[in-house]
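There are 2 protein chains.
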Amino acid sequence: MNSTLEKPYAVGIDIGGTNTVIGIVDTRGNIVAVDAIKTGAYQAVEAYAQAVCEHLSALVASHGGKEKIKGIGIGAPNGNYYTGTIEFAPNLPWKGVIPLAGMFEERLGIPTALTNDANAAAVGEMTYGAARGMKDFIMITLGTGVGSGIVVNGQVVYGHDGFAGELGHVIIRREHGRVCGCGRHGCLETYCSATGVARTAREMLTAGTQPSLLRNIPAEEITSKDVFEAATKGDAIAREIFTFTGTVLGEALADAIAFSSPEAIVLFGGLAKAGDFLFQPVQRAIDENVLSIYRGKTKLLLSELKDSDVAVLGASALGWELKG
Amino acid sequence: MNSTLEKPYAVGIDIGGTNTVIGIVDTRGNIVAVDAIKTGAYQAVEAYAQAVCEHLSALVASHGGKEKIKGIGIGAPNGNYYTGTIEFAPNLPWKGVIPLAGMFEERLGIPTALTNDANAAAVGEMTYGAARGMKDFIMITLGTGVGSGIVVNGQVVYGHDGFAGELGHVIIRREHGRVCGCGRHGCLETYCSATGVARTAREMLTAGTQPSLLRNIPAEEITSKDVFEAATKGDAIAREIFTFTGTVLGEALADAIAFSSPEAIVLFGGLAKAGDFLFQPVQRAIDENVLSIYRGKTKLLLSELKDSDVAVLGASALGWELKG
Numbered sequence: 001m002n003s004t005l006e007k008p009y010a011v012g013i014d015i016g017g018t019n020t021v022i023g024i025v026d027t028r029g030n031i032v033a034v035d036a037i038k039t040g041a042y043q044a045v046e047a048y049a050q051a052v053c054e055h056l057s058a059l060v061a062s063h064g065g066k067e068k069i070k071g072i073g074i075g076a077p078n079g080n081y082y083t084g085t086i087e088f089a090p091n092l093p094w095k096g097v098i099p100l101a102g103m104f105e106e107r108l109g110i111p112t113a114l115t116n117d118a119n120a121a122a123v124g125e126m127t128y129g130a131a132r133g134m135k136d137f138i139m140i141t142l143g144t145g146v147g148s149g150i151v152v153n154g155q156v157v158y159g160h161d162g163f164a165g166e167l168g169h170v171i172i173r174r175e176h177g178r179v180c181g182c183g184r185h186g187c188l189e190t191y192c193s194a195t196g197v198a199r200t201a202r203e204m205l206t207a208g209t210q211p212s213l214l215r216n217i218p219a220e221e222i223t224s225k226d227v228f229e230a231a232t233k234g235d236a237i238a239r240e241i242f243t244f245t246g247t248v249l250g251e252a253l254a255d256a257i258a259f260s261s262p263e264a265i266v267l268f269g270g271l272a273k274a275g276d277f278l279f280q281p282v283q284r285a286i287d288e289n290v291l292s293i294y295r296g297k298t299k300l301l302l303s304e305l306k307d308s309d310v311a312v313l314g315a316s317a318l319g320w321e322l323k324g
Numbered sequence: 001m002n003s004t005l006e007k008p009y010a011v012g013i014d015i016g017g018t019n020t021v022i023g024i025v026d027t028r029g030n031i032v033a034v035d036a037i038k039t040g041a042y043q044a045v046e047a048y049a050q051a052v053c054e055h056l057s058a059l060v061a062s063h064g065g066k067e068k069i070k071g072i073g074i075g076a077p078n079g080n081y082y083t084g085t086i087e088f089a090p091n092l093p094w095k096g097v098i099p100l101a102g103m104f105e106e107r108l109g110i111p112t113a114l115t116n117d118a119n120a121a122a123v124g125e126m127t128y129g130a131a132r133g134m135k136d137f138i139m140i141t142l143g144t145g146v147g148s149g150i151v152v153n154g155q156v157v158y159g160h161d162g163f164a165g166e167l168g169h170v171i172i173r174r175e176h177g178r179v180c181g182c183g184r185h186g187c188l189e190t191y192c193s194a195t196g197v198a199r200t201a202r203e204m205l206t207a208g209t210q211p212s213l214l215r216n217i218p219a220e221e222i223t224s225k226d227v228f229e230a231a232t233k234g235d236a237i238a239r240e241i242f243t244f245t246g247t248v249l250g251e252a253l254a255d256a257i258a259f260s261s262p263e264a265i266v267l268f269g270g271l272a273k274a275g276d277f278l279f280q281p282v283q284r285a286i287d288e289n290v291l292s293i294y295r296g297k298t299k300l301l302l303s304e305l306k307d308s309d310v311a312v313l314g315a316s317a318l319g320w321e322l323k324g
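Same order as they appear, the protein sequences are chains A and B.
Last residue of the first sequence: 324 in our numbering, with the numbers rising by one and none dropped.
Last residue of the second sequence: 324 in our numbering, with the numbers rising by one and none dropped.
Only chain A is shown next, with the shape it has when bound in the complex (with noise of 0.2 Å):
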């Protein structure tokens, strides 16, 4: 704890692909300092990383210099932890192995690490949200794709390669699955993502005539929000279409017990924030298809941290745990 007193700020950068964002972070969690820049403006990395030092160093200077940094955290995706390199990241603008957290600690001269993106969620939600003090739990966050971070023995699970974790891309349906993004068929991500949920939506709304007010909408337009809203006003197809995102990602998520036997599962982003239309159909799905030594033993939570502070949170808590 001294090194945290003596150090008493902690930097967490998310890497998006379409914004970077860049926080300052206290012991407590608290964001104290913020910028963003938008990361397809820099085609070549050097361009990149100088950009992002630049604005960081400015922010770092006005909260006291960098030894009031205990260290760097990096979020972005295909980001591995033992190599603090981003390895082929499809919506980058970089492509092949990009040594970044090598670049920031050669320009700023403080310890930086880096990791995938939900990997540095489960990190935070660990540090800071409702994984405090536990020590085996499995985030999954909901956003365009799935991701997850599973932590084992208060440890995110990096495997032999820093590339473990990829839950979205476990096959949940063998026969006629969705194709997905990766080129296969079947994975989690293509039904329990945002857009998996338009994708059922589209699916349900072409499979029959009953009315829905998502009829109101172009079909290649509707969003997993437009389904949110629907069911909020009782519809009944909207309604259906978050018992089957549900009851799919239960079935994942109850094999995934087999796997580590968690303490909790913690959901996170737009599609958690349908609450009980989602969770309901989850509980019961994992209830139904877990093994009977497991049942009722996992608890199912949403995520305490906020949409926009998570990636820089988790990011942050990366930075704590680095020797500055």
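Please note that a few of the clues may not be correct.
If several chains are the same, the list does not tell them apart, and a pair holds so long as it fits within one copy or across any two.
[Claimed, not checked] Computed list of lysine to aspartate or glutamate pairs in DMTMM-like fashion (alpha-carbon distance at most 25 Å, straight line):
| hint | residue 1 | residue 2 |
| --- | --- | --- |
| 1 | 297 | 161 |
| 2 | 135 | 263 |
| 3 | 299 | 161 |
| 4 | 306 | 263 |
| 5 | 135 | 161 |
| 6 | 66 | 26 |
| 7 | 135 | 321 |
Please keep in mind that the hints were generated in silico from the structure rather than gathered at the bench.
Chain A is already provided as a structure; the job is to place chain B on it using the hints.
Same frame as chain A, now just chain B:
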């Protein structure tokens, strides 16, 4: 290492539904003495514990006394590492929660740890076998059922309740899945255990009229060993049975890789000895079903421990970890 030098032996006890095998093991993994009793002969667990301890005391006395024993490890169905209890094991005579590790410690004054048989096998493989030096691997035991021991960061994954790692009960067929002994449908174990192989044989023989050596055996008596022997003689149906079995197993392992990205998956048990008949379709199904970032990274290995030894060795490896 000092304490290991002072105490040259660990005890491994393998509790099966039929036999209980007791072994004294040296630091190199040699079983230097072994004894066995009939598990089913003791309806009262107290009488059972007494009998095991008497047999063990005799072995220990002939090897320098209990001062030479670092610890006792027990592998048992439904064994809970955290509590040292066996909980509701369907194939053992004693019902409910049995505090067996405590009963042994009390009688013998030697520290005792207990876990399920597949976890014990994983520790054995890590200590003496194919997974030496690995920090992330998955052990799959292919016996009457399918068990698993998952190692992450060099530690067995026990989960929050001590029961993690039941990959034999992930659902691999959600539609028209086979009925499992656990009461659910489509569990991996119903396809990839020795009994699953026999079941597949009966299904395939019934489904067609193709000649097969297996038709010389009454359908209900076919065993996985018969299928293996027919396969070695070039029998087409027998080979197809292994191809199907391996494919289903590979599909499940591809999902397991997405979970913990292990350096290796170690197959153990009677079925694993089918060699290429099984390993080739397993490897092919992993390659075809795994997410591209994992492709070609996880080794598929055969256990390096003898079937007759693994349970005792694995249990004894738990004993080394104790503070004796």
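>> Of all the hints numbered above, which does this structure not satisfy? Sort the numbers upward.
In response: Checked against the structure, no hint fails, so every one of them is satisfied.
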